[in-house]
Structures are given as structure tokens and as C-alpha cells.
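**Student:** One-letter residues, chain by chain:
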Amino acid sequence: MNKIIVNSVLAAGLLAFAPIQSQAGSTIDQSMVSPLQVKLVGQYVNGKNKIVKVTITSKDILFDLGAPKGSQLVYWENSVAVINNKTVWDNDVVGIDANSYTDNTVYGNEGSSKYTENGLANLSYYGNSFNFDVNGVYNYVWKETGVKNGKYSATEKFHSSSLTGDGYDAISDWSLPVTGSFSASGSGRFPAN
Amino acid sequence: MRLNTTIGLIMAGLVGLFGILFLKHLSAPISQTPLLSVSASPSTASRQETKPLTIKLTDAHQAAVAPEPTPPLIVTAAPPSVVDAAALAEEHRASIQARIAHLNELESKDDPASLQAILSELTNPEIEIRAAAIESTIQFQSRDAIPVLNDLAARTSDPNEKQALLDAAEFLKLPTMTEIRAQKSKAGNLQ
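Chains as they are written, first to last, in the working numbering: chain A, 1 to 193; chain B, 194 to 384.
Hints are computed from structural coordinates only; laboratory data are not their basis.
Ideal placement from N, C-alpha and C gives every residue a C-beta, glycine not left out.
Careful, some of the hints might be misleading.
[To be verified] The calculated DSS-like cross-link candidates involving lysine-lysine, where the alpha carbons are at most 27 Å apart (straight line), are:
| id | chain 1 | residue 1 | chain 2 | residue 2 |
| --- | --- | --- | --- | --- |
| 1 | B | Lys302 | A | Lys53 |
| 2 | A | Lys69 | B | Lys355 |
| 3 | A | Lys50 | B | Lys302 |
| 4 | A | Lys53 | B | Lys379 |
[Stated by the list, open to error] Which chain A residues face chain B? A few, computed with CB under 10 Å, are given here:
| id | residue |
| --- | --- |
| 5 | Ile28 |
| 6 | Asn49 |
| 7 | Ile51 |
| 8 | Val54 |
| 9 | Thr55 |
| 10 | Asp60 |
| 11 | Leu62 |
| 12 | Phe63 |
| 13 | Gln72 |
| 14 | Val88 |
| 15 | Asn91 |
| 16 | Asp92 |
| 17 | Asn109 |
| 18 | Phe130 |
| 19 | Val147 |
| 20 | Ser172 |
Using the sequences provided together with the hints, build the complete structure.
**Tutor:** Structural data, given as C-alpha cells:
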């Protein structure tokens with residue numbers, strides 16, 4: 001199986017420059033949709049008194065929520081939503097708070113700008129079978145181009161790579177120290193006001 | 194006298210034969226000389242007379258991780274002299290964003306074709322796309338990706354990228370919360 005995958009990767013690698021259907025990024029209701037990648041590692045002591053690690057990703061959260069297959073966890077309108085087939089399936093499924101300490105805007109040529117923000121972020125999830133509540137220093141960047149033909153393009157990146165906190169697995173009744181990261185990035189075109 | 198004549202004729206015949214063979218060798222085309230070693234690569238695939246083509250991971254991966262300048266992913270038809278450099282850069286940027294958005298879509302799926310599509314981007318010439326592909330591989334949550342990640346790490350010279358690939362492989366080796374849940378449910382049902 002591995003050999004097949006490796007060979008397929010090579011074959012596919014030859015098509016690395018094959019064009020992807022051009023898309024204007026992802027937006028819903030004229031708001032940026034940035035897929036959220038959660039990557040956490042928790043530790044617990046198992047029945048044999050051994051410390052064991054367990055991972056939590058966005059897919060685990062989607063599974064726990066019972067979201068339809070192919071759903072995405074996204075950062076959208078300052079909250080975390082589940083989207084499926086470009087429609088919002090559920091919103092506010094994960095708490096996300098950003099306490100800004102510093103911010104700055106740099107203006108470039110032809111109306112372009114870059115906004116950066118740093119501070120302390122909190123990511124919390126209280127699901128059907130597990131919870132976590134983690135904090136870490138975050139970095140947020142919003143870049144936009146000047147207006148052309150009544151529209152402008154923007155990109156967003158919101159991430160923290162130093163999350164720590166705790167978690168709980170309700171099924172096993174385990175409390176878990178948790179470390180990890182989250183990242184949300186997206187792009188889109190928006191009408192100029 | 195008769196013996197001398199016979200020996201002379203035989204000698205003359207031999208000299209003539211060697212002469213013909215020597216001239217024939219000189220006039221033989223050079224291309225008939227066999228090629229002893231030709232490095233196999235996709236570009237030599239059509240040369241059937243050479244060594245059979247064996248695709249080596251090293252070649253593909255090293256080419257991918259080599260710090261060479263990369264052409265834009267979308268090439269416009271307009272002549273370079275009239276194309277605005279800023280517009281091209283913006284188009285290139287948009288193309289990278291589109292690929293990353295595509296990776297995000299693929300990571301939410303479960304099928305082998307989506308995994309292969311993600312893994313193929315681990316060797317993309319754009320470092321930003323390769324980094325996104327590593328994250329998408331993690332989010333896809335398939336252990337089939339581990340040997341690919343380890344193999345690429347072994348052939349990557351960039352220490353940061355090497356570490357990211359190894360970290361991703363280590364992450365995927367761990368059980369997921371969903372798997373733990375499934376094990377617990379199974380154990381509960383058996384009791």
C-alpha cells in the first residue's frame with residue numbers, strides 16, 4: 001500500500017504544475033472563510049499506569065460534533081463554524097477569543113495595506129465526548145490589495161503555535177494536559193464599500 | 194616451388210582478409226557503440242536502448258526541495274514586455290492561495306485519491322504550498338502518509354522542513370481522540 005502511495009505521489013508530482021481551477025478564495029455572506037486547523041496533543045495515564053499521548057485535530061472535533069463528511073471547521077466572522085457544501089452547518093462550535101496586545105497597519109502602493117496584530121488567544125471546545133481549553137500567543141495578519149473594478153482581494157492568517165491548557169475525555173474520564181497549535185488562513189475578493 | 198607458391202597465396206589471402214576486416218571496422222558507425230550507463234530520469238524514459246527507467250525518490254524529491262527559482266504557476270499569454278510585474282505577482286499569489294484552499298478541501302475528505310493529491314504537493318516547488326501540504330497531511334489523519342513523510346525528510350536538506358516532516362510523521366503515529374473513543378466503545382460493547 002505504501003509503495004503504491006509513494007509511486008502515485010511521484011506520478012502526481014509530475015502534475016504539480018497542472019493548473020487548479022482558479023477560484024476567488026472562499027467567502028460566505030461577503031465574509032472571509034478561513035479553514036481552521038487545530039493540532040493538539042494530550043497526555044493521559046492508561047490502565048497500565050503508562051503515560052500515553054492522544055491527538056486532537058479539526059477532524060476529531062467535526063466527528064465529535066457529528067458533522068457530515070467533507071465538512072470543514074472554519075474561522076468565519078470572528079467565530080468558529082462548520083461549513084458543508086459552502087453553507088454554514090453550525091456556528092460557534094469552538095470558542096475563539098483574541099486579546100490583542102499590539103497592532104499595526106502599514107499602507108502600501110495603490111491602496112494596499114497590511115494589518116498585523118499580536119496577543120493572547122484562547123481556544124475552547126466543550127463537545128459531546130471531550131473538551132479542551134488552551135491559551136497561547138497568537139499572530140494575526142490581514143492583507144488587502146487596492147480596489148480594482150470595484151473589488152479588492154484580501155488574505156487572512158490567524159495562528160498560534162504555542163498553545164497550552166487542559167482537556168477532558170468524558171468517555172474515559174481522563175483529564176489531559178494539552179499542548180499544540182491552531183492556524184486559520186484564507187483569501188477572498190470583496191466588493192469595495 | 195609448388196609449396197612456396199601455395200604458402201605465398203595463403204599469406205596473401207590472409208593479408209587481404211585482415212585488410213578488409215580492418216577497413217570494415219573503421220567505417221562502422223559510432224552510434225553502434227553501446228551506451229554503458231545513462232542515469233535514469235523521466236526525461237530519458239523514451240530511450241529504450243538504455244538502462245530501464247527506474248524512478249528514484251531521490252531525484253524527484255531533491256528536485257523539489259532544491260532552492261531553485263520557480264516559475265509562476267499560471268502563465269499569461271501576454272508578452273512579458275507589456276505585462277505589469279505587480280499584476281503577475283498578484284496572480285502568482287492568488288494561484289498559491291487557490292492551491293492552499295484546495296488542500297484545505299482535500300484534508301476534510303477520507304478517500305485515498307485526496308490523500309495522494311495532498312502528498313503530491315509535498316514536493317511542490319513553492320515552499321508555502323509544501324508547508325500547507327504538511328499541515329493538510331496531518332489534518333487528513335492517515336498513517337499511510339508516514340513513510341512518505343519520513344522518506345521526504347531523509348532527502349530534504351532544509352533543517353526546518355526536515356523537522357516539520359518528521360514532526361508530522363510522529364504526530365500521525367499517535368492515536369487520535371476519535372480512535373480512542375472507538376476503542377472505548379468497542380471495549381464497552383464487549384463487556
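**Student:** Look at each hint and say if it fits the structure.
**Tutor:** Outcome of the hint check:
1. Lys302(B) - Lys53(A): Distance of about 24 Å is within 27 Å: holds.
2. Lys69(A) - Lys355(B): 32 Å, violated
3. Lys50(A) - Lys302(B): 33 Å, violated
4. Lys53(A) - Lys379(B): 20 Å, holds
5. Ile28: 13 Å, violated
6. Asn49: Cβ of Asn49(A) sits 17 Å from chain B, so the hint is violated.
7. Ile51: 12 Å, violated
8. Val54: 5 Å, holds
9. Thr55: Nearest chain B Cβ about 5 Å off; hint holds.
10. Asp60: Cβ of Asp60(A) sits 4 Å from chain B, so the hint holds.
11. Leu62: At about 8 Å, which falls below the 10 Å cut-off, the nearest Cβ of chain B leaves the hint on Leu62(A) intact, so it holds.
12. Phe63: 5 Å, holds
13. Gln72: 5 Å, holds
14. Val88: 15 Å, violated
15. Asn91: 17 Å, violated
16. Asp92: Check failed: Cβ of Asp92(A) comes no nearer than 19 Å to chain B, outside 10 Å.
17. Asn109: 8 Å, holds
18. Phe130: Hint holds; Phe130(A) Cβ to chain B Cβ min 6 Å, cut 10 Å.
19. Val147: With a minimum Cβ separation of about 13 Å from chain B (threshold 10 Å), the hint on Val147(A) is violated.
20. Ser172: Where the cut-off is 10 Å and the nearest Cβ of chain B is about 6 Å from Ser172(A), the hint holds.
Hints 2, 3, 5, 6, 7, 14, 15, 16 and 19, counting from the list given before, are not met by this structure.
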